[in-house]
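Take the sequences, apply the hints, and build the full model.
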Amino acid sequence: MKTWVYIDHFKGQAMPASWEALGAGKNLGTVTAVIFGQNVEALAKEAFENGADEVLLADDVTLADYRAEAFSSSLSKLAAAASPDAIFLPTTTRGREIAAMAAIDLKTGVMVDVTAIEVQGDSIVVTRPIYAGKLLSKETCSTRPQIVTLRGRAFPKPATQAGRTSTLTKVSPAMSEADIKSKVEGYTTAEAGVSLIDASVIVSGGRGVSNNPALTPPGGLDEKQTEIWRAQQGFALVKELASVLGAAVGASRAAVDAGYVTYSHQVGQTGKVVSPDLYIANGISGAIQHLAGMRTSKVIVAVNKDTDAPIFKVARYGVVGDLFQILPALTAAFKQRLGK
Amino acid sequence: MKIVACIKQVPDSAAKVVVENGRVFWGDAPLVINPWDEFAVEAALQLKEKHGGTLTVISVGGENEKEAIKHALAMGADDAILIADPALSGLDTQSIAQVLASAIQKIGGVDVAFFGRQAIDSDSGLTPAQTARLLNWPALTLAAVISVEADTIKVDRAIEEGRQVVSAKMPAVVSLVKDYGEPRYPSFMGIRKAARAEVPVWSLANLGISAPTSVIAWPEITNPPSRNVVCEIITGSSPEEIAATLADKILAEKVL
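So the sequence lines, in the order shown, correspond to chains A and B.
Everything in the first sequence is counted per the numbering used here, starting at 1 for the first residue and increasing by one.
Everything in the second sequence is counted per the numbering used here, starting at 1001 for the first residue and increasing by one.
Honestly, the hints are just simulated from the structure, not real lab data.
Fair warning: this is a prediction, and the values are worked out from it, not measured in the lab.
Idealized CB from N, CA, C, for every residue including glycine.
Worth double-checking, as some hints may not be accurate.
[Claimed, not checked] One-sided excerpt, in silico: chain B residues whose CB lies under 8 angstroms from chain A:
| no. | residue |
| --- | --- |
| 1 | GLY1125 |
| 2 | THR1141 |
| 3 | LEU1246 |
| 4 | LEU1256 |
[What the hints assert, rightly or not] Pairs of lysine-lysine residues, derived as DSS-like cross-links and limited to a Cα-Cα distance of at most 30 angstroms, are as follows:
| no. | chain 1 | residue 1 | chain 2 | residue 2 |
| --- | --- | --- | --- | --- |
| 5 | A | LYS181 | B | LYS1048 |
| 6 | B | LYS1048 | A | LYS183 |
| 7 | A | LYS26 | A | LYS45 |
[Stated by the list, open to error] Here are a few chain B residues that sit away from chain A, every Cβ distance over 10 angstroms (derived from the structure):
| no. | residue |
| --- | --- |
| 8 | GLU1049 |
| 9 | LYS1050 |
| 10 | HIS1051 |
| 11 | GLU1063 |
| 12 | GLU1065 |
| 13 | ALA1084 |
| 14 | PRO1086 |
| 15 | GLN1105 |
| 16 | ALA1195 |
| 17 | VAL1201 |
| 18 | SER1203 |
| 19 | LEU1204 |
Written out as structure tokens, the structure is:
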């Protein structure tokens, strides 16, 4: 099978899931990496080292910033001419959108956020979680190319081979600046920290982190401000453990809706669906929407004062107790064991 | 301004969804407006309140699937269109996008079409970009902040790295993320108005299109393998002892 893989990146920094997609494509036959951007030739070298048999590189000022129309037009124009059997993209904000639009141009379909791929005859059969992972759906696409976006961390990273190289073909973008309807005016950066989607370890907090009875809030705060103040003290403990473990900080919807942390931290059905190697849930009861977003984590640890909390049904290890005592002790224990 | 919000009806996010004999069931969980579409309706209403105009909500579904539409009307949408046709069952996202794009064209003169970022049942998140592509409009997806000045719409897009600020001339498609801000609750007056509203039903013939052909098939939907975990409750005489035992167990799992 001839597979193309779109290498998603931000300012020349490849998203790790791009290489996972490249590895998945390589398993099916020959794989061509497609790279769009400006001054991104270094990515071609990385693509070869990750196993690409060929690289198509459009390096152009009109591609300096990601814009949906410009990027998807370039991909569909190239694909229409070369007819790959499949196009793989990582399930990132950009990957999903390019896939969506290229499918319209190429009169084909997209199988989104898949976690497994098999080949039957000359067709790809994917498995993808739906209802935030409450169900699994097998899907096929009757037209070509079969466009697939691959969930991050669901496929292994390919082994890299330093110095490996192959054919690099430079191509032109499909649209000129005058034809592109949108303008990028700038960026505001996210808060520092490990991204939830790429994280191999996540430490999360729920409503329970605001209930520390031992704290005396400063005077002059109203009821809501007091709750937020308490939650901030609680999340400080979550963040300390996360920092020692090099982990991302997650949160339940209840904690986000109560204003404890920003939405970018939300894990669950209306937040991010994650699948880290280790997920430590603190003060999270385990509503069905939250469990849907993290149940495929390899090892789940739950700290909760309520023995009957549903989170214990998916957890490998549980502590029934006061998270305000357990968390700092756990942070100290890891500091000592990891030599930090 | 002429504003449209495309909404979908889905089982409530608290529903326990299971497959039995190849069919999807969600028990007695209510059918509701897709949570992300509430943000689309909210953004549309705020734009209308600021710049004047009308808001029409569009939904594709069976003739009995009016809960989502009623919710949007109760929030303050001016009117609604339900697109229902026997030929519409089991369509893939490309086909739904074709139907929505045709409806937006039939309405005519639309400045902005709002969508939620994705639906919580199929979890595809393709429809906003695909509808934009079919209309040949720019797609400003994952919007957390929206502003309009003259004929230009500007949004802050929530991306992995933070926010990307993008602008485009209208007409445009905009999809919403939760960062936009809480959607309003329907008012008492709004609920009464929605209960009385007559929602016109458009068929594919009304849209002047034939039934789109789905290219994506989903031959098999299954329950995920159950997690056969037995939770080991860690106990000890002090938090320090519990933490030490737990840390050793986690390290032994080789996940760090």
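Here's how the hints hold up against the structure:
no.: 1; hint: GLY1125; result: holds (6 angstroms)
no.: 2; hint: THR1141; result: holds (6 angstroms)
no.: 3; hint: LEU1246; result: holds (6 angstroms)
no.: 4; hint: LEU1256; result: holds (7 angstroms)
no.: 5; hint: A/LYS181 x B/LYS1048; result: holds (23 angstroms)
no.: 6; hint: B/LYS1048 x A/LYS183; result: holds (24 angstroms)
no.: 7; hint: A/LYS26 x A/LYS45; result: holds (16 angstroms)
no.: 8; hint: GLU1049; result: holds (23 angstroms)
no.: 9; hint: LYS1050; result: holds (20 angstroms)
no.: 10; hint: HIS1051; result: holds (20 angstroms)
no.: 11; hint: GLU1063; result: holds (24 angstroms)
no.: 12; hint: GLU1065; result: holds (17 angstroms)
no.: 13; hint: ALA1084; result: holds (23 angstroms)
no.: 14; hint: PRO1086; result: holds (22 angstroms)
no.: 15; hint: GLN1105; result: holds (15 angstroms)
no.: 16; hint: ALA1195; result: holds (27 angstroms)
no.: 17; hint: VAL1201; result: holds (27 angstroms)
no.: 18; hint: SER1203; result: holds (23 angstroms)
no.: 19; hint: LEU1204; result: holds (19 angstroms)
Comparing the model with each numbered hint stated earlier shows that all of them hold.
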